[in-house]
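Here's the letter readout for the chains.
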Amino acid sequence: MGILDSKVPSGPLAEKWTKHKNDINLVNPANKRNIDVIIVGTGLAGASAAATMAELGYNVKTFCYQDSPRRAHSIAAQGGINAAKNYQGDGDSPYRLFYDTIKGGDYRSREANVYRLAEESVNIIDQCVAQGVPFAREYGGLLDNRSFGGVLVSRTFYAKGQTGQQLLLGAYAAMNRQINRGKIKSYTRHEMLDVVLVDGKARGIIARDLVSGEIERHSAHAVVIASGGYGNVFYLSTNAMGSNVTAAWRVHKRGAFFANPCFTQIHPTCIPVSGDHQSKLTLMSESLRNDGRIWVPAKAEDAQAIREGKLKPTKIAEEDRDYFLERRYPAFGNLVPRDVASRAAKERCDAGFGVNKTGEAVYLDFAAAIQRYGSEKALTSGIKNPDSETITKLGEEVIAAKYGNLFQMYEKIVDQNPYKTPMMIYPAVHYTMGGVWVDYNLQTTIPGLYCAGEANFSDHGANRLGASALMQGLADGYFVLPYTIGDYLSDDIRTGPISTDHEAFEQAETEIREHLQRLLNAKGKHPVDYYHKKLGKIMWNKCGMSRNAKELKEAIEEIAALRKDFYENVKIPGGLNEMNPELEKAGRVADFLELGELFAKDALQRNESCGGHFREEYQTPEGEALRDDKNFKYVSAWEYKGEPKDAVLHKEELVFENVELKTRSYK
Amino acid sequence: MKLLLKIWRQKDGSSKGKLVDYPIDGIEGDMSFLEMLDVLNQELIEKGDEPVVFDHDCREGICGSCSLMINGEPHGPDRLITTCQLHMRRFNDGDTIVIEPFRATAFPIIRDLMVDRTAFDRIQQAGGYISVNTSGNTVDANAIPIEKAKADESFEAASCIGCGACVAACKNASAMLFTSAKVSQFALLPQGKVEATDRVQNMVRQMDLEGFGNCTNTGACEVECPKGISLENIARMNREYLMATAKG
Amino acid sequence: MSGLAKTSVARKVVMALSGLFLVLFLILHVTINLTSVISPDTFNTMSHFMGYNPVVQFLMQPILIAGVIVHFVMGIVLEIQNRKARAVRYVKFAGGASAPWVSRNMIITGLVVLAFLGLHFYDFWLHEMNYKFVQANPEDPTRYYAETVEKFAPIWRTVIYVISFVLLSLHLWHGFASSFQSMGINNKYSSGIRSFTRLYAIVVPLIFIFIALYHHLNPITH
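Residue numbers (the numbering used here), protein chains in the order written: chain A, 411 to 1077; chain B, 4 to 251; chain C, 336 to 557.
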């Protein structure tokens, strides 16, 4: 085991968590009042952890860069949240959810963590309903479920296409209750810039007040990082503009290992890039693949004509269309998992069959579904011998009832009517499975430093299933972290308040000031976005949906060179001691420029294809991912040693005692 | 296309602000309104000027960060969208666009177009929650069936993104639509009824303390709300408040 | 006044209730006035009753005056608060894009109606007070019709009355329906209520205008 002790409790899988909860040390309520906890990030994981820990009696301080905890990017999650409630009686169970998650993650996650997640999933739904989260309901008044990609049961709870919003507002409300009681102090428009270690333990953070520009010291007995994922290393992603890796990266630089950085989820159904000015990509819910058929022209010359605007997709005859997912994966068709669908789209576009003026888009066509639903509707409405116009009209109504808001959003952005002409979609970076390495208690390799939600690496392996991100954030925050952290804090009941005058705070603050000043002192040729876009291009082209050793090596070189150029030539107006959004961005991009390199390095060492990580050298003759369980059944955890290129790899071998490792097949 | 932007610039809350003209060229219809401002800011930075500060984050209409009065309307001329979803094809070559911050005494300006909307958080903290511990020992989620129509109505109220367009659009800078949406969400659910009396009284008290104006039922908030939150919520809050007062 | 309504919601309700009370009073007022066109004798009888019945004089009339005062004082208080709620105004504000003029300008229509009430009180109420209490004239149950018609002889007064009733109509157009919303009534009956209130807002002021014009055009010839 050595340095990486996952601390997974012994015993049968289904009993580990209960047993562990019975074994760990507790802090008595009177002592909790003397213990402070800092939580960085107020998305689902951070807000829920803050609420529960404050309820338990700890003094909690939360930090977020947004103007309110309610705006964290969990709010944008659309589809739903999984829970093994088995309300539909379709044979669901925690074990089945556990199994689906392990398999969906291509056997690169830790069994015990995933089982605990599946176990706690049922509590989440109870809790959220008690908090007043308005989930979708059936006419009988009970909760409704829908099914999601890659599984055989209906276990997804949802609130229209705004599940993340409703869950986050629930957690935010729970937080507000504690703020009102004085148990949480919420620091908004504050960005954590460093973690402070006293005698090797996390004892506080350095944060910048984004309004005044002031650098502040905050102390606590433990620090929790719940700052989300790092998809914005690609510049264009479905993440919010402000989503960043800074908190996670700074703790990495202070000694927390960073795990599986190359595991990224690229979501197949996003609105394609329209031009260089684009700042962000918009997701179209996965549910659209239930009714939409994905295709590109079968003839390269047709694709060419479409790109030049000379041909309309509706004019292409059925036999001249290539429904490539249905062709390649007859069993799952358009409903293959996200990673498979994304790669297939990229393959067609790279081969010259892409549509849109950029050539980087495929069609998602609802014409067949409109006809099918229209005929059904005509039949059930008793319309005899309906003409094609009536059928189309009825069919469009059915589609509008199911996806109306998404179609409207699409039309707003693209200015095309998706009822009349096929939607154009293209994959986009959506979620990062990798993150700060944590043990079973969600503690990082730094004592007293914990990490929850998307920011940690723990539960999704190499690919995340739909509707599981919300589940993990809330399970970590409401039901796991508040208990496991007590085990650590039980040693701190006599510590008393931590002084921010300690030299470790002094030193960390000085280092941060120097870092920011260095950015401001650069000679100044290009704005921060110039570098961020360049980094994004390298990442997308060489570390994106498919990767190879040659390009990964190039990416490592290019990113290092870009980072050097950045520090010399970035141009940041304004100063340190005032509101300065460009300085904020610069700090984040500086960290992305280091993470990006480690990302490529991680992808380069993983000589296999698994989940979202596809190495061109490791594929079957049919172009499917080729996993190597003999050599790569481990978590790669990187130790910081100064420069990303010097990072040291530690391996946590994954032990599978309860599932049999199989090849994923969707043929 | 070529545009003339008239943008409110203000160093901080205590300074005086003014509209400054920024001619801009090369704007494409496919750009979102905020991407157009990104283009302007890149130009300003390259010229050595301070970029225009504005709030934004998710850029897909759900986080509620973006704001802006665009030609006198919150989130611009289109209905049911936020500023980040507004696209430049909505404007014509040669247009003049006036961009101001959301204005209300309760939303002090931080810089340029960025305002402080934490008054909304304080209203929520005063009672916008159900007091249930997150202990994992609550009753089963399906123990209390809820009429679908009520659950849907509660969801509609809960879909408020807290952007403040209602306050910005109201001639009185009233926060009734925002506050009532939260009051309604809980008032419609059995779980929320338990604390209904205290909730509405506390939230209304805090709303008044923040210095928002009074509702005069013009309905502008409902029209400008990017999420289409209904005025019925305000009526419901009034009703809840009257009942709470009657109970004492 | 602040004791009467400590919160914004309560102040709205006070506005609504006092407004509804005045709306009810208008029905009574317009009914009595209408008799002046139909039957001068009935008009005299009713007016005399209103002027000398102790319940009307010493209970109803003070309540009415209080209602008017509460309504306009509260309206002005609200307006001041509302202006404070946006201390710095917009340079460009497209208020018309989201709300009709009448709903945004209740203070204007309200103040005009208030000014009219000043004239109206001077014309009739002060006159009555003077007649009954200062000069202590004996009761004359037949004087009202002539006094009323005489008031509308000058064109300027008739014009002021007509304009004021138009503004009253605008005030009612928003205010009457709005009072239901303020009291928490917004349901499936609301569109019906709104139609009724708008009909009221047009018909009642129209009758007043008709009466004013009728008397102006049909003076009593001596």
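Hint data in this document are derived by calculation from the structure and do not stem from the laboratory. No residue lacks a Cβ here, since even glycine has one placed at the ideal position from N, Cα and C. Among the clues, some could well be false.
Facing chain A, according to a computed beta carbon distance under 7 Å, are these residues of chain B, among others [said to hold, decoys possible]: (1) D41; (2) L43; (3) C61; (4) T99; (5) T137; (6) T141; (7) L192; (8) P193.
A short, non-exhaustive set of chain B residues, derived as facing chain A with CB atoms under 8 Å [stated by the list, open to error]: (9) G20; (10) V23; (11) D24; (12) V42; (13) C66; (14) R82; (15) I84; (16) R120; (17) Y132; (18) N145; (19) I149; (20) G195; (21) T200; (22) D201; (23) Q204.
Now the hints, each set against the structure:
1. D41: This hint holds: D41 of chain B lies near chain A, its Cβ roughly 6 Å from the closest one there, short of 7 Å.
2. L43: violated (11 Å)
3. C61: Hint holds; C61 of chain B Cβ to chain A Cβ min 4 Å, cut 7 Å.
4. T99: At about 21 Å, which exceeds the 7 Å cut-off, the nearest Cβ of chain A leaves the hint on T99 of chain B violated.
5. T137: holds (5 Å)
6. T141: holds (4 Å)
7. L192: holds (5 Å)
8. P193: violated (10 Å)
9. G20: Since chain A brings no Cβ nearer than about 15 Å to G20 of chain B, farther than 8 Å, the hint is violated.
10. V23: Because about 16 Å separates V23 of chain B from the closest Cβ in chain A, which is outside the 8 Å limit, the hint is violated.
11. D24: Nearest chain A Cβ about 20 Å off; hint violated.
12. V42: V42 of chain B check passes; min Cβ-Cβ to chain A is 6 Å, inside 8 Å.
13. C66: Nearest chain A Cβ about 4 Å off; hint holds.
14. R82: It is violated, given that the least Cβ distance between R82 of chain B and chain A is near 11 Å, above 8 Å.
15. I84: holds (6 Å)
16. R120: holds (6 Å)
17. Y132: Holds, about 4 Å.
18. N145: holds (5 Å)
19. I149: Result: holds, 5 Å to nearest chain A Cβ.
20. G195: Interface hint status for G195 of chain B: holds (5 Å vs cutoff 8 Å).
21. T200: Not OK, violated: T200 of chain B not within 8 Å of chain A, min 16 Å.
22. D201: It is violated, given that the least Cβ distance between D201 of chain B and chain A is near 11 Å, above 8 Å.
23. Q204: Given a least distance of 14 Å, the restraint on Q204 of chain B is violated.
Of the numbered hints listed earlier, those contradicted by the structure are 2, 4, 8, 9, 10, 11, 14, 21, 22, 23.
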